[in-house]
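Colleague: Got chain A; can you put chain B on it based on the hints?
Take a look at the letters that make up each chain.
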Amino acid sequence: MTSRQAEIEQMIARMAMGDRQALSALYAATSAKLFAIAVRVLEDRTEAEDALQDIYVKIWHNADRYQVNGLSPMTWLITIARNHAIDRLRARRRARPAPLDEAAELADLSPSPEEQAAAASMRSRIEDCLRRLQPEKADAVRRAYLRGETYEDLARRYGIPLNTIRTWLRRSLLKLRECLGP
Amino acid sequence: MTRWTEEEEEDHALAAEYVLGLLSPEESRAFEARLAVDPEFRALVAVWTEDIAAMAAALPEETPPPRIEAAIRRRLFPEEGQGWLRRLGLLPALIGGFVAALIVLWTTDLGLLQAPPEPLYAASVAAEDGSLVILAHFDPRSGELRLHRQAGTPSPGRSQELWLIAGEAPPVSLGLVPESEESLLTVPEGLRAAMAGGLLAITDEPPGGSPSGTPSGAPIAVGSLTAG
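Protein sequence lines correspond, in order, to chains A and B.
Each residue of the first sequence is one higher than the one before, starting from 1 at the first, in UniProt numbering.
Each residue of the second sequence is one higher than the one before, starting from 1 at the first, in UniProt numbering.
In isolation and in its complexed conformation, chain A is listed as follows:
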């Protein structure tokens, strides 16, 4: 574990003891990362700002559960942020269902050059491995994770029958795992 991870772990541990200063420290260290996730998922800054509040309220209340879940501290925080943003996105879609072929939905989800640079600097294995998949399969993985798209959404998007798309994506996920290693 890197020293930064150890620091974040300590902040979470202190938050679990009710240390409010630790919350400020954790916010300073992680909010730009978690806000980026909320913005990316929700594609709406105002809503991402509300989501970010909820995310830190959740982190504060669940800090005492961190130790037992076995994830690295950043992954734990990212998962809380991503799941909350996806829940909001799904609620928004239910509230005003928009056809999936709307212009916004066709936004290209492949990483921008800026994102690619950031990814490269982090030597992100996942991005390397996604690049080895067929582009639309990598795109489907990103859409599921960062846009909360379901098999139904993906089947419609790629014009593939529902039963086929699951086989199609599962095969890609296994390839991804082979590339990522154990």
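To be clear, the hints were calculated from the coordinates, so they are not data collected in a lab.
Any given hint might turn out to be false.
[As the list claims (entries may be wrong)] To give an idea of the chain A side of the interface with chain B (calculated C-beta under 10 Å), a few residues:
(1) G18
(2) A32
(3) L34
(4) L133
(5) R157
(6) P161
(7) R166
[Unchecked claim] Now the stretches of chain B that chain A is said to cover, found in silico as 3 or more residues with beta-carbon under 8 Å:
(8) 6-17
(9) 46-58
(10) 62-69
(11) 180-194
(12) 211-218
Even for Gly, the Cβ is constructed at its ideal location relative to N, Cα and C.
Modeller: Using the frame of chain A, we list chain B on its own:
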């Protein structure tokens, strides 16, 4: 894909689908039931969670506007923002006039200034098994905190640090507890008011005290300060 059995492939695919949120609600429930009883499966899911989260970790950072942090603190700790200005804003509505409110505030303030001599406070800071007992006497006027070690000494090569825990505030260090039987600490002026009714706690720390400024572990002895 020859290195996996069909079962292993199925597990990997399921774990990935779960992490990506692709399972139906019924499938998710069945998945979570298995997760609860199958540690190997749990480890597999943790690996997928780490790898997939890296996708989000690779996004370029975006700094949220400063007001967001303030909003979070207001939601979590509403009492933090209740300063005089806020009370001045609320009281007039309660008693029907701004001037009346000011008078009430003034007299309350004066009343506080002319309070009768404050009592002395005492605490018995003790471990549950009695292996460490330290009596503490606090004089709020001088800020003197007298410690009387009745049982227990620090472990060899370790220090014992004394903390004040007042309400919801994070623990504040009052210093190291000297090894001697009798000792005297001075509580900084800014902390004296918080001592009354506060909780004193002792933690086991590296020599010289906690390097982080917050307790390294759970207290080994606690006791609350009450008026004696």
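Colleague: Take the hints in turn and mark each one as holding or not.
Modeller: To see whether the hints hold, each was checked on the structure:
For A:G18, the interface hint holds, the least distance from its beta-carbon to any beta-carbon of chain B being 6 Å, beneath 10 Å. Restraint check, A:A32 versus chain B: the minimum CB separation of about 4 Å is within 10 Å; hint holds. Because the beta carbon of A:L34 sits about 9 Å from the nearest beta carbon in chain B, less than 10 Å, this interface hint is met. Interface restraint check: A:L133 against chain B, minimum CB-CB distance 13 Å, threshold 10 Å, status violated.
Given hint, A:R157 at the interface with chain B, is violated; its Cβ is 14 Å from that chain's nearest Cβ, farther than 10 Å. Of the supplied interface hints, the one on A:P161 is violated, with its beta-carbon coming no nearer than about 16 Å to a beta-carbon of chain B, more than 10 Å. Among the interface hints, the one on A:R166 holds; its C-beta lies about 8 Å from the nearest C-beta in chain B, closer than the 10 Å criterion. Proximity of the region 6-17 of chain B to chain A, defined as three or more residues with a beta carbon under 8 Å from a beta carbon of that chain, is established by the 5 residues found.
For the region 46-58 of chain B, the stated coverage by chain A holds: 13 residues have a C-beta nearer than 8 Å to a C-beta of that chain, and at least 3 were required. Look at the region 62-69 of chain B against chain A: 6 of its residues bring a Cβ nearer than 8 Å to a Cβ of that chain, three or more, so the hint holds. With 0 residues having a Cβ less than 8 Å from any Cβ of chain A, the region 180-194 of chain B misses the three-residue criterion, and the hint is violated. With a cut-off of 8 Å between beta carbons, the region 211-218 of chain B has 3 residues touching chain A; three or more are needed, and the interface restraint holds.
Figure legend: structure checked against the earlier numbered hints; hints not met, in rising order: 4, 5, 6 and 11.
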